[in-house]
Amino acid sequence: MESVKPLLEVKNLHTHFFTKSGIVRAVDGVNFDVKPGETLGIVGESGSGKSITAMSILGLVPSPPGKIVDGEILFKGENLIGKTEKQMRQIRGKEISMVFQDPMTSLNPVFSVEKQMIETIVTHEKVTKKQARERATELLNLVGIPDPHKRLKNYPHEFSGGMRQRVMIAMALSCNPSLLIADEPTTALDVTIQAQILELFKKMQKELDMAIIMITHDLGVVSEVCDRVMVMYAGKPAEFTETKKLFDNGKHPYTLGLMNSIPKISPNKEKLKPITGLPPDLSALPTGCSFAPRCKHAMESCLSIDPSLQKVDDNHLVRCLLYEETKKAVTT
Amino acid sequence: MSALLELKNVKKHFPLKSEKILTREKPVLKAVDGISLAVHPGETLGLVGESGCGKSTAGRLALKLLEPTDGEIWFKGNNITSYSGEQLRKLRKEMQIIFQDPYASLNPRKTIEQTLMEPMKIFGTPKNIRKQKVDYLLDVVGLSSYHKRRYPHEFSGGQRQRIGIARALALEPELVICDEPVSALDVSIQAQVINLMEDLQAEFNLTYVFIAHDLSVVHHISDRVAVMYLGKIVELGEANELYSNPKHPYTQALLSAVPETNPHHEKERIILNGDLPSPANPPVGCKFHTRCPFAEEICRLQEPELKPVSENGQMAACHFAKEVIVEKQLS
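Just so you know, the sequences run in chain order A and B. Going by my numbering, the first sequence opens with residue 291, and the numbers climb by one from there. Going by my numbering, the second sequence opens with residue 668, and the numbers climb by one from there.
Because the hints were derived from the structure by calculation, they are not lab data. The structure displayed is predicted, hence computed values, not measured ones. C-beta atoms are modelled at their ideal positions from N, C-alpha and C, and glycine is treated no differently. Watch out, some of these pointers could steer you wrong.
[What the hints assert, rightly or not] Simulated coverage check for chain A against chain B, where a stretch passes if three residues somewhere in it have a Cβ under 8 angstroms from a Cβ of chain B: (1) 348-355; (2) 359-365; (3) 486-499; (4) 533-545; (5) 561-568.
[As the list claims (entries may be wrong)] In silico BS3-like cross-links for lysine-lysine, where the CA-CA straight-line distance does not exceed 25 angstroms: (6) A:K559 x B:K934; (7) B:K934 x A:K492; (8) B:K934 x A:K535; (9) B:K815 x A:K493; (10) B:K934 x A:K496; (11) B:K934 x A:K534; (12) B:K777 x B:K743; (13) A:K440 x A:K419; (14) B:K934 x A:K554.
Take these sequences, add in the hints, and give me the full structure.
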């Protein structure tokens, strides 16, 4: 595992928002790495900090009120924090690109797809407009849009939701990025279209050899496409491991709670076992473990000690006192 | 068993603006194009389909929130299709709806108490009883009586949906149409609300029509499921039967598209080509033939009827419903 040099390393990232009602700790100590060609999943519910983590990587956190207060983001060994807007613009869209949830609001409605795609390509590569147009046609063909010559002239509203997402993906791929960040790329789509788009991601990754960070709230999507996965809760990673391990041997009570909350399609219907309570207010986090107030296994010490991410197995990290205790018990 | 609610060949066509000026033909969008359904007392009927298939329109037609273009709606043995005004208002007491968006469906200027009392006020419940009932309703949906003085913006999405449910139950209805009640909620909250809805159904003997696009949620909560495609019911059956043995190629593709939460379980996926055709200009013949992997000549010419495909009452609208299955098992 150590042998492959990571493409991206996020170290101790803290992104806070300074608002009238206090400091919102949206991302509060996140560490992870992405290796070339792999798919890393980041799962969590709304407010878990998964999207802000992505926006921090791209330098897109609105500031003020947001600010990266601590940490490092190393992309190919270079720290992205502290880079100027001009420097970031050369990385964004070329080295790292992003696909957003809602393709309707992330495409410009007053320009044709052709114009928007050519703009991206010409900005980053030394090519003529004609070459850029050829490249755009090629890309639309690659993402499975029939009749790409004609479709290039269309405006975003002339595409369906699934087709628009394909256009977004084509645009994101236009400069052969080594890292693609996809923020809930299939959430707004119907299941049959979601299946098409997930297939497309897998195919593109194989053909172009790029790494993907897949941000989602859907554990089904994670199990379909991700190699490794980080579960986030209240701005912190709760569990980080290989996808198979997470589903077979998930450890954190929050992970297990999430899995029990999803209805399974099986003939014997069982009552769902939801997580009780509500996610915490990020501007007034409880002391101790932020999941403790909702946790079935919470102990006295969980309310005062904020656990650190512990290694419980090869490539398996869990932030929970339950496992720190057992580990201590085993070693002593 | 007589049905609580019955739709008989109900249609809803919305008029569209004509692009051609000099034509007599008025284009219409066939949101619901002839569906027949019976909902029995105490059961949950799931209505699934992708966006634009007409499932929400069907729910609204059942409550007469929309006027059907054609067909009949029966409620408790009465034909309510022509009801209006006072007659319809009386009926509202027995049929209620829970909406998808808990942010848009509560009046931001009213306290929770006012919101919950509104329906009771309309039906003349005395004030002291109304006040007691508000406390009771909040308790039933898992909130506390001190919440009643608050405004909607002070609640989270899940709590708002609980308030929406309390409002629907205020008049002790028999039928509740639930239009995507959990799809705006986070997974952990979604499970809480689903459990609440199941408990309430048992306690008050409610009948649900549960409209959703999430196939696993619909399977979990429903006794029977109807699958819709472009304004038509393509398959209808008992939930477990339909999910374990789908007969219509669309149902098969839809179920195979659900992401598997078990990474060891490689499932065979039927990836449908293309998008949903526009309901303003649906294909002739079987509406699914443009995306169907098994389509043949007859599918392009003749629209199949919804007919029984097994002894246990499962129905499908496909010319080849039985053959498709045989072929699948052989391969």
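The hints, checked one at a time:
Coverage of the segment 348-355 of chain A by chain B is violated. Counting CB-CB distances below 8 angstroms, 0 residues qualify, and the rule asks for three or more. With a cut-off of 8 angstroms between beta carbons, the segment 359-365 of chain A has 0 residues touching chain B; three or more are needed, and the interface restraint is violated. With 3 residues bearing a CB less than 8 angstroms from a CB of chain B, the segment 486-499 of chain A meets the requirement of three and the coverage assertion stands. For a cut-off of 8 angstroms, the count of residues in the segment 533-545 of chain A with a CB near a CB of chain B stands at 4, and the three-residue condition holds.
For the segment 561-568 of chain A, the stated coverage by chain B is satisfied: 7 residues place a CB nearer than 8 angstroms to a CB of that chain, which reaches the threshold of 3. A distance of roughly 21 angstroms separates the Cα atoms of A:K559 and B:K934; the hinted pair therefore holds under the 25 angstroms criterion. A distance of roughly 16 angstroms separates the Cα atoms of B:K934 and A:K492; the hinted pair therefore holds under the 25 angstroms criterion. The straight-line distance between the Cα atoms of B:K934 and A:K535 is roughly 19 angstroms, inside the 25 angstroms bound, and the hint therefore holds.
Note on B:K815 and A:K493: the hinted pairing is violated, with a Cα-Cα distance of about 53 angstroms set against a maximum of 25 angstroms. At most 25 angstroms may separate the alpha-carbon atoms for a hinted pair to count; B:K934 and A:K496 meet this at roughly 20 angstroms. Between B:K934 and A:K534, the direct Cα distance comes to roughly 16 angstroms. Compliance with the 25 angstroms bound is thereby established for this hinted pair. Straight-line distance between C-alpha atoms of B:K777 and B:K743 comes to about 34 angstroms, which puts the hinted pair past the 25 angstroms bound.
For the hint pairing A:K440 with A:K419, the CA-to-CA distance comes to about 17 angstroms; that is within 25 angstroms, so the pair holds. Restraint check for B:K934 and A:K554: satisfied, since their Cα atoms lie roughly 15 angstroms apart, inside the 25 angstroms limit.
In summary, the structure is inconsistent with hints 1, 2, 9 and 12 from the numbered list given earlier, while agreeing with the others.
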